[in-house]
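Asks: Sequence:
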Amino acid sequence: MHNPLYYYQMERFIMKRALKTVCIACISIIILLVITGIASHDRIAIPDGFAGSYLELDGERIRYVQKGAGRDVLLIHGLPGSIEDWDPVIDRLAKKYRVTAYDRPGFGFSSDNAAAHTVAANADTAVKIMERLGLRNVVVVGHSYGGGIALALAARKIENIKGYVSLAGVSHPSENVMFIFYLNRLPLVGRGFAAAGAALLGDSMMEEMVRMAFTPDMDILTPDYLNKRKEMMFQTKVVMSLSAEDVRYNDNMRELL
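Sequential numbering from 1 applies to the sequence shown in this note's numbering.
Just so you know, these hints were derived from the structure itself, not from any lab. Watch out, some of these pointers could steer you wrong.
[As the list claims (entries may be wrong)] With a cut-off of at most 25 Å between alpha-carbon atoms, the simulated SDA-like pairs for lysine to any residue come out as follows:
no.	residue 1	residue 2
1	Lys95	Met130
2	Lys128	Lys228
3	Lys230	Asp87
4	Lys96	Ile44
5	Lys67	Asn176
6	Lys230	Ile46
7	Lys96	Leu167
8	Lys67	Ser166
9	Lys228	Arg92
10	Lys162	Leu133
11	Lys95	Gly68
12	Lys230	Lys162
13	Lys67	Met130
14	Lys228	Glu208
Using the sequences provided together with the hints, build the complete structure.
Replies: Structure follows, in structure tokens:
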């Protein structure tokens with residue numbers, strides 16, 4: 001005859017072992033993610049092949065470039081992005097204007113020590129950059145998320161800003177927030193998720209993002225272009241900053257409405 005007590009004890013033993021194994025696996029994954037996040041390297045320096053200088057601002061190192069002479073134009077890139085987003089137009093603009101472009105906090109080769117990653121905080125940064133660099137009677141040009149920052153500046157009616165251009169600027173809430181961005185914002189392990197995602201998915205994501213942005217004008221997709229964008233965009237801090245702005249995106253847009 002079967003012994004019910006024997007089977008009951010065996011079942012309890014197996015369940016305990018399974019639970020213990022799952023707990024050990026979960027703890028191991030958490031430890032691995034924490035170590036991965038700590039070990040990931042953020043580049044707060046301008047490497048060879050990239051232009052710019054640094055401006056110390058509220059505990060952050062902000063990379064910027066300035067070209068030309070004349071009326072001041074300030075260029076604000078989108079999400080994600082960097083100064084290099086303006087490469088197709090900045091030299092042409094610099095023939096008539098003094099053009100300033102910068103990497104927003106957490107993007108490109110700017111630091112991300114305590115950035116708030118809200119539209120309002122980004123607008124504050126833009127104002128301080130204009131003040132520190134002595135820009136006068138400025139025309140602000142923002143692209144995508146940067147266009148939303150331009151709109152936020154317009155709402156403030158700043159006397160020193162004489163014009164605003166929003167290129168495909170964001171202005172309304174969206175339902176599309178990727179789940180991985182929430183994982184990247186988790187305490188303790190979020191940076192590890194971001195670092196792992198950048199390492200595992202960076203190449204394919206970069207190529208797909210650029211194709212979506214530039215189709216059908218694909219001539220821009222040279223190996224040099226892609227390699228430079230990968231070097232900038234898939235730093236851990238950039239993925240973390242992208243996640244922060246995307247997760248907070250809807251709240252930011254409601255502030256604009």
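Asks: A separate judgement is required for each hint: does it hold in the structure or not?
Replies: Hint check results:
no. : hint            : verdict
1   : Lys95 / Met130  : holds (20 Å)
2   : Lys128 / Lys228 : violated (28 Å)
3   : Lys230 / Asp87  : holds (16 Å)
4   : Lys96 / Ile44   : violated (31 Å)
5   : Lys67 / Asn176  : violated (37 Å)
6   : Lys230 / Ile46  : holds (15 Å)
7   : Lys96 / Leu167  : holds (20 Å)
8   : Lys67 / Ser166  : holds (21 Å)
9   : Lys228 / Arg92  : holds (22 Å)
10  : Lys162 / Leu133 : holds (17 Å)
11  : Lys95 / Gly68   : holds (6 Å)
12  : Lys230 / Lys162 : violated (35 Å)
13  : Lys67 / Met130  : holds (15 Å)
14  : Lys228 / Glu208 : holds (15 Å)
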